[in-house]
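Fit chain B to the known structure of chain A by using the hints.
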Amino acid sequence: MILNILFGLGVALFGFVLQTALGGINRKVIARLQKRYGPKWYQEFLDIFKLLSKRATSHGWIFDFGVIMALGGIIATAMFMPITNELVAFDGYDNFFIFVYLIAVGMLGMAMSASGSGNPLASIGVMRALTTMLAYEVPFMVVVLTIINITGDSSISMIAEFQQLANNHWFIIALPLGGIVAILALMGMLGKKPFETYIAPAEIASGPMVEYGGKQLGMLFIMHEITVFIEVSLFVHLFLGGAENIFVFLVKYVLVYTFVNLISNVNGRFKIDQVVTFFYKWPLLLAVSQAIIAIYLGWVI
Amino acid sequence: MKSTKFTELTQEQIDRKWWEIGDFFRRNSLWMLMYCTGCCAIELPPAMTSAYDMERLGMGPMATPRQADVLLVTGYLSLKTLRRLIYTYEQMSEPKYIVGFGSCTINGGIYHDSHVVINRLDRYVPVDVYVAGCMPNTEAVMNGFVDLMDLIKSKKADGWKRYHDNYDWYKKNQEEALGEVRIKDEFHE
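Sequence order for the protein chains is A and B.
Counting from 1 along the first sequence, just add 12 to a position and that's the residue number in the working numbering.
Counting from 1 along the second sequence, just add 37 to a position and that's the residue number in the working numbering.
Looking at chain A on its own, in the form it has when it is part of the complex:
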């Protein structure tokens, strides 16, 4: 049990280091896209450690406690994430619904903390973040429930192994409409550009993060990196056939994140009502038709 917990913490640490390094590399990629040179590849580490070295203002104990709750909730979620088929901290507990429920602890901690700061822009940001969550979760859940119906199992590593056993029939190809929905939902989850409404630095001054500085902001950055790790690895395991070894995992992870980031940086930003209308219109339609095609007609490529 102790070993499992230590291993789980190792997974969270691995996710943090991987995503932070990749975030820095992606800043360089985006810089090259814009004909700039870009920062050092370890710039994100410098940013986080600088924030942890600064003095911070507190706005009451809810403000401080919420940050710790968000970070703890996200680390707890990351502990259950399988990396490859064998590298699972809690074998048999890597259920999809564990992630759906546990990731909410981190998000709600951040929402509580941001509202505790008393800044109206933070409340607007939190409201937008939760509304966006409500929008992308519905089509994403329909697609994942279709997958669970096909595989007959809701364990992440089992779904990944199912795809590997069926001659690498990745669900992004086997369920093409569902794959499109999953990419759109992933962009919503990561807060990438067309759905970046809740950060929106130009209009609501970076939304939920508006009152954070110093140590609390550093902890939120760590939380954000681990959240991105969880969401991208969920996509890799559910739709790209998981990973037989860690090298395959790294390749798939880097490709997915870079792809989403490249799309993000050539887009503008939606308004919040456009985000909700968008997700409830096309992705939901695609997801439901994919479910009908796959479950009732049995047409899975």
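Just so you know, these hints were derived from the structure itself, not from any lab.
Predicted model, so just to flag it, every value in this text is computed and none were measured.
Hints may contain errors.
One side only, chain B facing chain A, incomplete, derived with CB under 10 Å [as the list claims (entries may be wrong)]:
{"hint": "1", "residue": "58"}
{"hint": "2", "residue": "95"}
{"hint": "3", "residue": "130"}
{"hint": "4", "residue": "131"}
Here are the simulated lysine to aspartate or glutamate pairs, DMTMM-like style, with alpha carbons at most 25 Å apart [unchecked claim]:
{"hint": "5", "chain 1": "A", "residue 1": "52", "chain 2": "B", "residue 2": "49"}
{"hint": "6", "chain 1": "A", "residue 1": "52", "chain 2": "B", "residue 2": "176"}
{"hint": "7", "chain 1": "B", "residue 1": "198", "chain 2": "B", "residue 2": "187"}
{"hint": "8", "chain 1": "A", "residue 1": "52", "chain 2": "B", "residue 2": "187"}
{"hint": "9", "chain 1": "A", "residue 1": "227", "chain 2": "B", "residue 2": "57"}
{"hint": "10", "chain 1": "A", "residue 1": "52", "chain 2": "B", "residue 2": "60"}
{"hint": "11", "chain 1": "B", "residue 1": "117", "chain 2": "B", "residue 2": "127"}
{"hint": "12", "chain 1": "A", "residue 1": "47", "chain 2": "B", "residue 2": "176"}
{"hint": "13", "chain 1": "A", "residue 1": "227", "chain 2": "B", "residue 2": "49"}
Covered, in the sense of this in silico footprint (three residues per stretch, anywhere, with C-beta under 8 Å from a C-beta of chain A), are these stretches of chain B [what the hints assert, rightly or not]:
{"hint": "14", "region": "59 to 65"}
{"hint": "15", "region": "78 to 90"}
Don't be surprised by glycine CBs; every beta carbon is placed ideally from N, CA and C.
Just chain B, lined up with the frame of chain A:
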């Protein structure tokens, strides 16, 4: 021969070592808050985009004073904007630095005899680096940022500490210029 035996470090020496490590991170990741009042602000877009690419130094724009490390004061400050500048500066988390752009922040520039424009910014908030020129060109701006990084390295960028130590003097100057400096706390009223 030099002894390799460990010598006991005092608490002050340990603190200084930690501060030096922190300074390494702080000078390589400077997040700016741009208080763009005057014409010098036009030098910032070429500094940020592909012409000079400020992100190479780890610098980037930030949306709120809480997140920022450097306050860029670009140009003249009227009495109204000075009041906002002081509120903004006091909201930033420490350590914090100020970069003053152009001759307006040094001696008032072309507005030196105006009745609503202040002449010396250094009397109201501590300025770490001045970038000279009217307007300074973009090389000078980039050079100013590198100067700021060097000052942080040699522990001379201590404006925020001077603001603490000489707060009475700054407060007196602020009150002389503005009347009473009062922060309106609109969230808790």
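How the hints compare with the structure:
| no. | hint | result |
| --- | --- | --- |
| 1 | 58 | holds, 8 Å |
| 2 | 95 | holds, 5 Å |
| 3 | 130 | holds, 4 Å |
| 4 | 131 | holds, 5 Å |
| 5 | 52/A - 49/B | violated, 32 Å |
| 6 | 52/A - 176/B | holds, 21 Å |
| 7 | 198/B - 187/B | holds, 17 Å |
| 8 | 52/A - 187/B | holds, 18 Å |
| 9 | 227/A - 57/B | holds, 18 Å |
| 10 | 52/A - 60/B | holds, 17 Å |
| 11 | 117/B - 127/B | holds, 16 Å |
| 12 | 47/A - 176/B | holds, 19 Å |
| 13 | 227/A - 49/B | holds, 23 Å |
| 14 | 59 to 65 | holds (count 4) |
| 15 | 78 to 90 | holds (count 3) |
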